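Chains C and S are the protein sequences, given in the same order. Each residue of the first sequence is one higher than the one before, counting from 1 in the numbering used here. Each residue of the second sequence is one higher than the one before, counting from 532 in the numbering used here.
Hints listed in this document are in silico derivations from the structure and should not be mistaken for laboratory results. Computed from a prediction, not measured in an experiment: that's the story for all the values here. Some hints could be false.
[What the hints assert, rightly or not] Here are the simulated lysine-lysine pairs, PhoX-like style, with alpha carbons at most 20 angstroms apart: (1) Lys489/C <-> Lys282/C; (2) Lys968/S <-> Lys873/S; (3) Lys342/C <-> Lys931/S; (4) Lys400/C <-> Lys873/S; (5) Lys109/C <-> Lys240/C.
[Stated by the list, open to error] Computed Cβ-Cβ distance ranges for the label pairs, DEER-style: (6) Ser389/C <-> Glu908/S: 36 to 46 angstroms; (7) Glu244/C <-> Asp603/S: 53 to 63 angstroms; (8) Ala761/S <-> Asp106/C: 12 to 22 angstroms; (9) Glu626/S <-> Asp335/C: 44 to 54 angstroms; (10) Gln226/C <-> Asp603/S: 40 to 50 angstroms.
Note that beta-carbon positions come from the ideal geometry of N, C-alpha and C, so glycine has one too.
Protein chains: 2
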Amino acid sequence: MVMLMPFRACCSTQARSASLLSNLIPSLSVKRLLATHPNPVQLRAFSSTTTRQLRTTELQPTHFPSLKCQSDRLWDDIHSTASFGEGRRYGDESEETGLSRLTLSDSDKQARDWFVETTKSLGCEVTVDSIGNIFAIRPGIKNDVPATFVGSHLDSQPLGGRFDGVLGVCAGVEMLRVLDDNWIETEGPVGVVNWTNEEGARFPISMMGSGVWAGARDLQATYDLQEVSAGADGRRCTVKEELERIGYLGSTPAQLKDGGMRMAGHFELHIEQGPRLLSMKKKVAAVTGVQAYKWFEVHVNGQSCHSGTTPMNFRNDALYLASRLIHNANRLARDQYNHTRKQYLASVGIITASPGSVNTVADHVMFTLDIRAETDEELQAFETMIRESFSEMVLDVKQKVGRPGFKKGDKKAALDKAGKGTLSVEIRETFHSPAAKFDETAVGFVVGAARGVLGEGEKKVPRMISGAGHDSVNTARHCPTAMVFVPCKDGVSHHPEEWCEEEDCAVGTDVIIQSVLRFDQWRSEQGHFAG
Amino acid sequence: MVMLMPFRACCSTQARSASLLSNLIPSLSVKRLLATHPNPVQLRAFSSTTTRQLRTTELQPTHFPSLKCQSDRLWDDIHSTASFGEGRRYGDESEETGLSRLTLSDSDKQARDWFVETTKSLGCEVTVDSIGNIFAIRPGIKNDVPATFVGSHLDSQPLGGRFDGVLGVCAGVEMLRVLDDNWIETEGPVGVVNWTNEEGARFPISMMGSGVWAGARDLQATYDLQEVSAGADGRRCTVKEELERIGYLGSTPAQLKDGGMRMAGHFELHIEQGPRLLSMKKKVAAVTGVQAYKWFEVHVNGQSCHSGTTPMNFRNDALYLASRLIHNANRLARDQYNHTRKQYLASVGIITASPGSVNTVADHVMFTLDIRAETDEELQAFETMIRESFSEMVLDVKQKVGRPGFKKGDKKAALDKAGKGTLSVEIRETFHSPAAKFDETAVGFVVGAARGVLGEGEKKVPRMISGAGHDSVNTARHCPTAMVFVPCKDGVSHHPEEWCEEEDCAVGTDVIIQSVLRFDQWRSEQGHFAG
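Construct the entire structure; sequences and hints are all you get.
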């Protein structure tokens, strides 16, 4: 082993942190790997580092069970980075706060800096593109080919939890460490990507960075997008202003078609954010795609009047009508599920009423509507159903204005004039994410990896459609993509108490690592690295 | 007439504006009054001014029809003061904007300054009390007795109109001018009062200034009240800070019981703010009281979760539940009306949902609830009904969480755990205005004055209960009080397009003036000015 020291010492192309010096002594896991190899493998130095000794193509199925992440190291990353944008506290333990790390905020900058620093210290080359996506690439043996990425996002909802997105990025970082620990040299480069603004909470386009990369979003329009709430100075910043302010407006083109970052594959680990794995008592699911969804702003227009003097039947109450519409959207989603046993979702998360006075009937209400269904066709049908029911409801409420309660004929005209006809609803589509179907080959590697990690007893790895949008929806347009779901406590997400057990985080990370290595082997078999 | 000049010239106790010099020549209306008096009246000078020649007690019923306001002057006051806090424009005409004059704002200060300056120029002594109520008093013959006031308010809703409150104050100012024009000397003093924060829009207690005066509100708690929305600097100012800032924190005690302004009677002219006069085709109503009402903040607590991953039947959706409650409150008010043919009102004007993200189910919703009924007993019963229905609705929605859709028995426990039990509703009472019944004597003067103004043909002056709270609710606790309603266009109020025809403003003002003079006569008959 000592003979390797001088070789490494003269190798200046690679910056390594002091803490990784220990890797120069074969770890137990490397020794295990070497011992289990059918043809004894000599310690060798490849092109880029001195500590990489095993090629992916030399790994055998029997090796994989030894390739485990260090769950305490992963766990520490998840929780130490939660100090960047500490969220609402819900218990006394140090880990019992959520995360409030809105995209491109000061705390997002802190998390990004951590990501850049950490991946650089693990030997990666870091690229920031012009929409702020950060790509950290660990060189392989062949480096003029696209890298295989593990990716997710470090931004959160305003009252988010510690795992959504963060787990996927931390799993990628942990993969870099596991490869180092085990002296593994991949055939092609592998990397980790942190996508900008997956949540769409501050700037209201979700999966924004990956959307621009994939060409699903226009770069300039995205730059001009304003934050949903004004800051302390009353201004609403744009995406571009905030990218510049925090120093993450990179020079690499954001859009793949314009020379953006090429990608051989994309693997994403994520908490399920729902209760299905829990109810199936499963540890891991292979995600085969993402359901279709659309976002709308629904504008309800009425007429303000005094709440103490205007009889109920004279009102053009925008908030009353809005409450009927919200109720109706919920009812339709439930009915659709009951009729078809397929998941339909309708959700209202934001509502504002103006003029906003206790004793004035609202003349305008805006609420957001998020509808989802498994396929594009089902979503379209569901949207039509909701639009029709909204129209009927408007008509129904409107027709009751200014009618009953006054008997004499000559009063009717005055009453009709006073009330009828000012209620209306306008539905504006703000976002559309068509259904995504992941590459079967990539999904197959996830299934295989999950079987390997969970042991031979685990015959059936569940496959499921994701309810939430993920950056993988966008990468799936251009490269083989797959996702791994792990369960989260009570199925709760987008909430400070969102929780994923340490063991489940580790299992998911192991599945991701093995999926990437299997994919690297497959690329080699397919001749991607030839020539 | 010329002989009066020296007398007036040497009278320095009274500041008169140059424009009033014309009053030194008897106006046509004064000549008419003098001519119709059964015993010819000589021009005389009383204690306080040289231009006052007729005592109220010398006025005969036949005089009253001549005592008319100048509607163009009144109209000009209403519209020229609307520049202080110009509201939303809805048409091209100069008068086609609403009013946005939140209490204690810069524009409220402008309106207050106008009121002080104008009433001082009309010979009034102006007193500001420690909650910012402004009392302008025109001396009578006997001045050690309380004044009879005409009053209302100059503040408006955020998207208010030009007449609500303003008409009542301007009618008082016009009364001062009409008394001057007609050289009338009242037996006791008469005045005009502008009450602070009648609307309760910025600081969420309506009829605030009069409430403190009457002892219905604690002064210190009122001082500490914060505005509902933070200013540009992110701060929420208190009532006291804003009173100080605009210079209307007076030194006279605000509370009557602590030596505040004494009041012999209170007459208020107001637009009806509803459609009843219109539908009856009447010009004027005598208001006999104000319905009871209560304001609440309803807090709905649920649990946030991801809108794309959480099946409908797993959600503790605070906004969905809130929409059911709002719908229900409306339904109950309609049902009560249909069953009893008495007016019941339930209104929701403000709603907020958190965390406020398109794809996150809300974990908390706050909405305001304003409920009204004619009597205290009816209101109490209505409140109980609403509280019970809310409890039932919470239970109903809660029981459906985490139940259907999953068939196998062993999954039920997980589902139940995931969903059930986190929905709750808390109803906090924030304001209570018991029903007010106005003094029959005072109401009688309004009815008599209305008959006089509208001519002998107008036999039936309608009497009605006010749906809105008014400062008169508070004055009625301590002195004879009555109100006059005039119709407003389409019954619409708390809206920029709120409108009252010039003729109707004038008719209402004439009724108020004559009511005050009849009341002054009555006080004299009752011996209020003896000794």
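Hints and how they fare:
1. Restraint check: the Cα-Cα separation between Lys489/C and Lys282/C comes to about 13 angstroms, which is no more than 20 angstroms; the hinted pair holds.
2. Pair hint Lys968/S plus Lys873/S holds up; C-alpha atoms about 17 angstroms apart against a cutoff of 20 angstroms.
3. This hinted pair checks out: Lys342/C and Lys931/S have alpha carbons roughly 18 angstroms apart, not beyond 20 angstroms.
4. For a cut-off of 20 angstroms, the pair hint linking Lys400/C to Lys873/S stands: about 18 angstroms separates their Cα positions.
5. This hinted pair checks out: Lys109/C and Lys240/C have alpha carbons roughly 14 angstroms apart, not beyond 20 angstroms.
6. Checked against the hint of 36 to 46 angstroms, the C-beta distance between Ser389/C and Glu908/S comes to roughly 40 angstroms, which is consistent with it.
7. Roughly 59 angstroms separates the CB atoms of Glu244/C and Asp603/S, a value that falls within the hinted 53 to 63 angstroms.
8. The hint said 12 to 22 angstroms for the Cβ distance between Ala761/S and Asp106/C, and at roughly 21 angstroms that hint holds.
9. Checked against the given bound of 44 to 54 angstroms, the beta carbons of Glu626/S and Asp335/C, roughly 51 angstroms apart, stay inside it.
10. The hinted window of 40 to 50 angstroms between Gln226/C and Asp603/S holds, with their beta carbons roughly 48 angstroms apart.
The earlier numbered hints are all upheld by this structure, with none contradicted.
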